[in-house]
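**Student:** Work out the full structure, taking the sequences as your base and the hints as a guide.
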Amino acid sequence: MEWMEIISALALLAFIVILFPAARERIKNSPQGTSSDWMGFVIPVIVIALFVTFLVMLV
Amino acid sequence: MNQNYSTVSQRSTSAIATNKVLRNTYLLLSMTLLFSGFTAALSMLMNTPPMTYLISVIGGMVIAMFVLPRFANSPAGIGIVFLITGMLGFGLGPVLSMYASLPNGGNIITLSLGGTGVIFMGLSAYALATKKDFSFLGGFLMVGFLLVLLAALANIFLQIPAMSLMISAVVIMIMSGFILYDTSRIIHGGETNYVLATIGLYMTIFNIFISLLQILGIMSNDD
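Order-wise, the sequence lines are chains Y and Z. Using this note's numbering, you'd call the opening residue of the first sequence number 1 and step up by one each time. Using this note's numbering, you'd call the opening residue of the second sequence number 1 and step up by one each time.
Check the hints yourself; a few may be wrong.
[Stated by the list, open to error] Distance condition first, Cα-Cα at most 25 Å in a straight line; then the derived DSS-like pairs of lysine-lysine: (1) Z:Lys132 / Z:Lys20; (2) Z:Lys20 / Y:Lys28; (3) Z:Lys132 / Y:Lys28; (4) Z:Lys20 / Z:Lys131.
Honestly, the hints are just simulated from the structure, not real lab data. All of these numbers come straight from a predicted model, not from anything done at the bench.
**Tutor:** Next comes the structure, spelled out in structure tokens:
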């Protein structure tokens, strides 16, 4: 294993450890979304997925 | 009557403040993106080694997480944002040089850059036009991001190209969610500091660009 991969792994591990408390806090404090709220998120994400597929076809 | 007038006045003051944060955020974001482009070009001209990317990303993230929040309310915060975005741009130099050396490299870089711009502007326009409150996404996006980091960590050891492709695709979806979440926070007054708002949006753009480069790079080699 190269030293760059070891540093990458250690950095990722550190970010996970640092971000974990913030993530737990955000889950506790996030308001619940209704199904209509979630559709407002899912539809643009599907459009983005189709757009990325289109870019892949262009390359 | 006076109470009604006071409520209307408070609302318009709040709307003006929100517009100011939004305007300052987009202004600073566009300047930092230009600055990143400049440092990336400089890094390419200097022919920096691949480890530059790793050092720049780790350095930039450490400054963004531990130094920037302390100076976010002072003019020094703007300087720190330029330092972080300049570092991240400089780190992109060897990555762009690597893609530019591929047979279809110029096309991959141009499509990634254009694609990132279209995704960011499209999602920002959607959040601004609909004025929807995406605060409910906070927990979901953080959990998703942590899971992606765990998957990326696992893939350093597993080295599976399909998993790398999947991670990049999921990163684009999560970062798209963060664009909606961050923009909606600015619109609804949840984020009043344009320095922090800028760095949040910059990171999403940076991650989408890197992920698109990776996806298009892998798929163009799939002939």
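**Student:** Hint by hint, say whether it matches the structure.
**Tutor:** Hints versus structure:
no., hint, verdict
1, Z:Lys132 / Z:Lys20, "holds (19 Å)"
2, Z:Lys20 / Y:Lys28, "violated (30 Å)"
3, Z:Lys132 / Y:Lys28, "holds (21 Å)"
4, Z:Lys20 / Z:Lys131, "holds (16 Å)"
Comparing the model with each earlier hint shows a violation of hint 2 alone; every other hint is respected.
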